Amino acid sequence: MSAVIPVGMAELKIARCPEQLVVYGIGSCVIVSLYDPKSKAGGLAHVMLPDSTGIDPKVINPVKFADTAVPALYEALTSSGAYKSSLVAKIVGGSEMFPPTEDFENNIGRDNTEAVKKALKKLSLPLIAEDTGGRRGRSIEFDLESGIIRLSILGEELREI
Amino acid sequence: MQDVTNLTRTQLDALREIGNIGSGNAASALAQFLNRKIDMAVPSASIMDFKAIPAIIGGPDKTVMGIFLKVMGEISGRFLLLIPEKTSLKLLHTLIPGCEIDTPLKMGELESSCMREVGNILAGAFLNALSVITQTPMLNSLPSMTYDMAGAMIDSIVADMTAISDKVLMIETSFIESEEDLRIHIFLLPDPASLQLLLKKIGVV
Chain A
1 MSAVIPVGMA
11 ELKIARCPEQ
21 LVVYGIGSCV
31 IVSLYDPKSK
41 AGGLAHVMLP
51 DSTGIDPKVI
61 NPVKFADTAV
71 PALYEALTSS
81 GAYKSSLVAK
91 IVGGSEMFPP
101 TEDFENNIGR
111 DNTEAVKKAL
121 KKLSLPLIAE
131 DTGGRRGRSI
141 EFDLESGIIR
151 LSILGEELRE
161 I
Chain B
1 MQDVTNLTRT
11 QLDALREIGN
21 IGSGNAASAL
31 AQFLNRKIDM
41 AVPSASIMDF
51 KAIPAIIGGP
61 DKTVMGIFLK
71 VMGEISGRFL
81 LLIPEKTSLK
91 LLHTLIPGCE
101 IDTPLKMGEL
111 ESSCMREVGN
121 ILAGAFLNAL
131 SVITQTPMLN
141 SLPSMTYDMA
151 GAMIDSIVAD
161 MTAISDKVLM
171 IETSFIESEE
181 DLRIHIFLLP
191 DPASLQLLLK
201 KIGVV
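Chain order of the listed sequences is A and B. Numbering-wise (the numbering used here), the first sequence opens with residue 1 and increments by one. Numbering-wise (the numbering used here), the second sequence opens with residue 1 and increments by one.
No wet-lab data here; the hints were simulated from the structure. Where hints are given, some of them may not hold.
[Said to hold, decoys possible] Stretch-level coverage of chain B by chain A, calculated; a stretch enters the list once three of its residues show a Cβ under 8 Å from a Cβ in chain A:
{"hint": "1", "segment": "42–49"}
{"hint": "2", "segment": "68–81"}
[Unchecked claim] Below, a list of computed lysine-lysine pairs in the DSS-like style, where the Cα atoms sit at most 30 Å apart:
{"hint": "3", "chain 1": "A", "residue 1": "Lys118", "chain 2": "B", "residue 2": "Lys86"}
{"hint": "4", "chain 1": "A", "residue 1": "Lys122", "chain 2": "A", "residue 2": "Lys84"}
{"hint": "5", "chain 1": "B", "residue 1": "Lys86", "chain 2": "B", "residue 2": "Lys106"}
{"hint": "6", "chain 1": "A", "residue 1": "Lys118", "chain 2": "B", "residue 2": "Lys167"}
{"hint": "7", "chain 1": "A", "residue 1": "Lys84", "chain 2": "A", "residue 2": "Lys118"}
{"hint": "8", "chain 1": "A", "residue 1": "Lys117", "chain 2": "B", "residue 2": "Lys167"}
{"hint": "9", "chain 1": "A", "residue 1": "Lys58", "chain 2": "B", "residue 2": "Lys51"}
[Claimed, not checked] Just so you have them, the derived chain A footprint on chain B, three or more residues with Cβ under 8 Å:
{"hint": "10", "segment": "52–65"}
{"hint": "11", "segment": "134–143"}
{"hint": "12", "segment": "153–162"}
Since this is a predicted model, take the numbers as computed values, not measurements. Every residue, glycine too, gets a C-beta built ideally from N, C-alpha and C.
Sequences and hints are given; from them, build the entire structure.
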């Protein structure tokens with residue numbers, strides 16, 4: 001059996017085939033995956049918030065924020081031997097778990113998704129697939145053999161991106 | 001702004017006590033509309049790493065009903081009820097005559113509206129008690145509800161409270177009806193910006 005490595009909120013993990021990375025219960029967070037099909041190495045960053053502007057760099061956890069997590073993931077993966085030119089990105093999450101009421105709107109998910117896309121663009125990392133938005137939580141398995149992400153969503157068929 | 005990680009033992013004890021009074025009031029509201037005896041677990045007030053919260057109710061992928069409300073007023077915060085499937089079905093079957101759905105996934109508008117009202121009543125009872133103690137009006141927003149993985153709800157609620165620190169202040173309690181093992185978990189997360197005022201109002205600055 002190959003190792004299954006869970007990735008919690010605000011964590012970044014790198015893995016290689018035949019390992020798998022898993023994330024349970026993704027809501028407004030966005031999971032950024034980068035994968036190098038040549039070396040079959042990949043990584044996930046579990047992003048919670050869009051923007052680190054104004055946060056003291058001494059206390060910051062860069063993985064929490066889209067603008068710092070994407071470069072951190074890129075850095076970690078390329079320094080572990082992945083080929084820069086073959087990296088592809090997929091993103092998952094960014095739900096609005098609680099529908100807005102007359103009193104509040106709580107859509108960090110949408111802001112996270114936009115901020116992650118912007119950060120990927122900045123590094124010229126191609127976004128080849130996404131499963132984002134909506135009102136449901138997601139769990140994923142990231143298979144480092146194929147680069148496929150399997151998604152499970154309550155009340156829906158399993159799907160792959 | 002009061003840093004939650006610097007709270008003293010005495011301050012935490014006082015916060016636990018307001019949790020006790022708030023949830024006592026909510027428990028009697030619940031007992032009244034279910035017409036049965038509801039026991040209350042001893043509340044806790046703790047500084048928790050946000051990553052540890054989903055474990056309280058059985059892990060991030062545990063499916064539960066979540067009812068979320070904002071606490072509005074000078075003292076603001078977030079209020080979350082997490083209700084296991086079995087308890088939510090029991091509530092629906094008790095409160096809606098003729099309701100026979102066997103999974104919350106089949107809830108229609110009537111059932112959703114009923115669960116939101118349960119959230120409204122429990123939050124209202126809890127916050128009423130707190131308003132009296134703190135002599136500061138605390139109102140709850142309209143509730144929003146979902147049935148999904150606990151981890152997915154919690155990340156959405158705590159994300160913007162944890163930009164700097166990984167810790168949140170959480171007052172937590174649960175209601176238990178032992179005969180049928182019905183449970184409701186209540187979480188109150190005061191906003192860090194109004195924590196100082198809350199502590200002042202309960203006399204433990």
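Do the hints match the structure? See the list:
Taking a C-beta to C-beta cut-off of 8 Å, the segment 42–49 of chain B contributes 0 residues in contact with chain A, too few for the three needed, and the coverage statement is violated. Here's how the segment 68–81 of chain B fares: 3 of its residues keep a CB closer than 8 Å to some CB of chain A, so the rule of at least three is met and the hint holds. For the proposed pair Lys118 of chain A and Lys86 of chain B, the alpha carbon gap of about 43 Å is over 30 Å, so the pair is violated. Taking the CA atoms of Lys122 of chain A and Lys84 of chain A, the gap is near 14 Å; set against the 30 Å cutoff, the hint holds.
The straight-line distance between the Cα atoms of Lys86 of chain B and Lys106 of chain B is roughly 14 Å, inside the 30 Å bound, and the hint therefore holds. Annotation: proposed proximity of Lys118 of chain A to Lys167 of chain B holds, straight-line Cα distance about 28 Å (limit 30 Å). Between Lys84 of chain A and Lys118 of chain A, the direct Cα distance comes to roughly 18 Å. Compliance with the 30 Å bound is thereby established for this hinted pair. For the suggested pair Lys117 of chain A and Lys167 of chain B, the alpha carbons sit about 28 Å apart, so the restraint of at most 30 Å is met.
Between the alpha carbons of Lys58 of chain A and Lys51 of chain B the distance comes to roughly 21 Å, so the proposed pair stays at or under 30 Å and holds. Counting residues of the segment 52–65 of chain B whose beta-carbon sits less than 8 Å from any beta-carbon of chain A gives 5, enough to reach three: the coverage restraint holds. Under a criterion of three residues with beta carbons nearer than 8 Å to beta carbons of chain A, the stated coverage of the segment 134–143 of chain B is upheld, 3 such residues being counted. Beta-carbon proximity to chain A at under 8 Å applies to 8 residues in the segment 153–162 of chain B; the threshold of 3 is reached and the given coverage holds.
In summary, the structure is inconsistent with hints 1 and 3 from the numbered list given earlier, while agreeing with the others.
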